[in-house]
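> With chain A's structure known, arrange chain B on it following the hints.
Taken in sequence, the protein lines are chains A and B.
Position one of the first sequence corresponds to residue 12 (the working numbering), numbered consecutively onward.
Position one of the second sequence corresponds to residue 4 (the working numbering), numbered consecutively onward.
None of these hints come from the bench; they were simulated from the model.
Hints may be right or wrong, so weigh each one.
In silico DSSO-like cross-links for lysine-lysine, where the CA-CA straight-line distance does not exceed 27 Å [unchecked claim]:
1. A:K142 to B:K281
2. B:K224 to A:K25
3. A:K82 to B:K116
4. B:K281 to A:K82
5. B:K116 to A:K127
6. B:K116 to A:K144
7. B:K116 to A:K89
8. B:K224 to A:K121
9. A:K25 to B:K116
10. B:K281 to A:K191
11. B:K281 to A:K140
12. B:K224 to A:K89
13. A:K225 to A:K40
14. A:K140 to A:K121
Which stretches of chain A does chain B cover? Using the computed rule of at least three CB atoms under 8 Å from a CB of chain B, they are [claimed, not checked]:
15. 54-65
16. 92-100
17. 116-122
18. 228-234
Label pairs and their in silico Cβ distance ranges [stated by the list, open to error]:
19. A:H146 to B:A51: 51 to 57 Å
20. A:K191 to B:I46: 43 to 49 Å
21. B:P209 to A:K191: 58 to 64 Å
22. A:H146 to B:L169: 38 to 44 Å
23. B:F59 to A:N51: 52 to 58 Å
24. A:E18 to B:L269: 41 to 47 Å
25. B:L274 to A:E314: 51 to 57 Å
26. B:I206 to A:G177: 51 to 57 Å
27. A:E195 to B:I206: 51 to 57 Å
28. B:L274 to A:G52: 48 to 54 Å
29. A:D15 to B:P209: 57 to 63 Å
30. A:A238 to B:L274: 30 to 36 Å
Quick caveat, the model's predicted, so the values are computed rather than measured.
We put the CB at the ideal spot given by N, CA and C, even for glycine.
These are the residues of each chain, in order.
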Amino acid sequence: MTEDVIEVHELTKKFGDFVAVDHINFTVKRGEIFGFLGPNGAGKSTAIKMLTTLLHPTSGSAEICGYDVVKDSDEVRKHIGIIFQDRSSDDYLTGRQNLDFHARMYGMSKEDRERKIEEVLDLLELKGKEKIKLHNLPEGVRRRFEVARGFMTSPDVVFLDEPTIGFDIKARMDLWNQIKRAREIEGVTVSLTTHFIEEANYLCDRVAIIDKAKIIALDTPRKLKEAVGSDLISLQIADGGERRATFMEKVKELDWIKRVEEYSNSILLNAESGEGRVADLIDFADAHGFVITSIDEHEPSLEDVFLFFTGRTIREAEGG
Amino acid sequence: MWGGWYGKMDVQEVTHRPLFEGEPIYSMWLRELIRFFAMRSRILATFASPLIWLLFLGIPLSQIFSSGASQSVPGGLSFFAFIVPGIVSMGLLFGGTNSGVTVLWDKEFGFLKEVMVAPVRRTSLMIGRSLGALTIALIQALATLGIALILGTWLGFRIISVAGFLLAIGFMIITFFAFVGFGLTLGALIENTEGFMTIVRMIEFPMFFLSGALLPISVIKGIPVLYQLQFINPLTYGVDGVRGLLTGVFLLPAWLDLTVIVAFALLFLFLGAYAFSKMEVD
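Isolated chain A (complex conformation) (with noise of 0.2 Å):
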């Protein structure tokens, strides 16, 4: 149970003097949600890519259930199943059409193909609607019929390159749990690019983060909001500027303070977890003169730990 179905080495893409994956290094387990997060542009789509056979990597290898994504291209095929970004279904086609005409293309029986239809429309949910073409439906439905497609081969690994992109909260949660579902129910590997902070945590049992072509970061949620620090405080002091500064080195003796960082106006506390940390600080800045016009203290998310590793939130990474 413990194979490992993924195995990256050293995976390197360049687009001419572009870096697009800089020496990335990972392996994924049977069974597992492995998700990349990071901003778009970061890289993801083109890692993903390479799985899935679509770009040649130009260094470094790869290998889906022990094959090698350039040399036996065609076995990772049939291996994997894919959901891309964007849309790749045939609109004039109705939602069986589309999953009957993929089967095919990978030498199903009818037999195969119609207990499979069955059992992914039960699994996405999507009973009662196969027989409508696919431009009548809405884009949530649609994206469910391409995500279905990716279970119908019964595939060891599916990819999913930002699976709930243009979905609204309800249709973003209820395929998040079809995804665990079919994880559960099929016994799959899947492997998905977010650029969604709680797509990731919510969904990912663990989680590579990826910023400018590098994976900064790998490890489960959990573990990575850990290393950011048990609590987090952020805090502003009354006349910013010199007396932030000032308030920052001072802040720095306390022995339970991990790291302060300064973020937009704010200071940004990682605190050993304790009792009355904020009490504390109102009166360490009392005692030495800083006025703390506002305070606040959470449990650290996944957005932290992206900031904490870059140094930027997400929006910002892909705002610049």
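Structure of chain B alone, referenced to chain A:
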């Protein structure tokens, strides 16, 4: 230890794709037909288009030529009988070229990506697709001939023999594939899909006009360049072949028609298949 060479055998096992992949080809063919019959406007156009050409161009033009100048249509054909094979060939030119070119369309709409990651030969995808388009083009050709035969009772068009008809169908198939290859090659040469169809039209229409489909190629004998252009246009040979087999009147040697169209088909199918196999999906 002793098990070692068993393991080695496993590693050396190479997966072979069959040369002929029936199921994927059939699937692609089926998809083309389902799409065709799913769009009522396309079905309508298939029958309306030849009707429009024959009624609104064929009948008026045949009035000019029937008024005394019987010499202008060689071989003693009525003008209407002369242009029927031309209209049929036009369907092959447009249908074939579009089929090749629209590979790009699928690329734009992402569908190609889906089939490109299937463990199937790209040439099988191409063959299946082209066979689908061929089926539709032949439906149109038969519709055109059907309409022409009805109008022909007044306007003097009839098919010379059953053998001629069957041979003409065969010749149409070769001509069609020649233009599929042509379209694929065009599609591969022009990467940008914006305004692409306009460029394709700009190539297709002069080919159609300078092919002897509507007027005998000898009409412009005195005009340099234009006259010669007709002889490097593959459709000229396609039209002449179809016309010869249907009506018995060849304006060029039959062997030349066949040779040129076969050579053209082989050349462009090869180029097109090569371009398609190299196409990157991103």
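> E195 of chain A and I206 of chain B, beta-carbon distance inside 51 to 57 Å?
Since the Cβ atoms of E195 of chain A and I206 of chain B sit about 56 Å apart, the hinted range of 51 to 57 Å holds.
> Between the beta carbons of P209 of chain B and K191 of chain A, is the distance compatible with 58 to 64 Å?
Hint holds: Cβ distance 59 Å, inside 58 to 64 Å.
> Hint check: K224 of chain B vs K121 of chain A, CA-CA at most 27 Å. Holds or violated?
Given that 27 Å is the threshold and the Cα spacing comes to 60 Å, the pair is violated.
> Need the status of pair K281 of chain B, K140 of chain A: alpha-carbon distance at most 27 Å?
37 Å, violated
> Within 51 to 57 Å or not, the Cβ separation of H146 of chain A and A51 of chain B?
At 24 Å between Cβs, range violated.
> Holds or violated: the 57 to 63 Å window for the beta-carbon distance between D15 of chain A and P209 of chain B?
Since the Cβ atoms of D15 of chain A and P209 of chain B sit about 60 Å apart, the hinted range of 57 to 63 Å holds.
> If you check the beta carbons of L274 of chain B and G52 of chain A, does the distance land in 48 to 54 Å?
Distance hint for L274 of chain B, G52 of chain A is violated at roughly 36 Å.
> Per the hint of 51 to 57 Å, is the separation of the Cβ atoms of L274 of chain B and E314 of chain A within bounds?
The hinted range 51 to 57 Å holds for L274 of chain B and E314 of chain A, with Cβ atoms some 52 Å apart.
> Given the proposed pairing of K224 of chain B with K25 of chain A, does the C-alpha separation stay at or below 27 Å?
Cα-Cα ~57 Å, so violated.
> Do the beta carbons of I206 of chain B and G177 of chain A sit within 51 to 57 Å of each other?
38 Å, violated
> Please verify whether K281 of chain B and K82 of chain A have alpha carbons no more than 27 Å apart.
17 Å, holds
> With the threshold set at 27 Å, check whether the alpha-carbon distance from K82 of chain A to K116 of chain B stays at or below it.
Holds. K82 of chain A to K116 of chain B sits at ~20 Å (cutoff 27 Å).
When held up to the earlier numbered hints, the structure conflicts with 1, 2, 8, 10, 11, 12, 18, 19, 26, 28 and 30 and fits the remainder.
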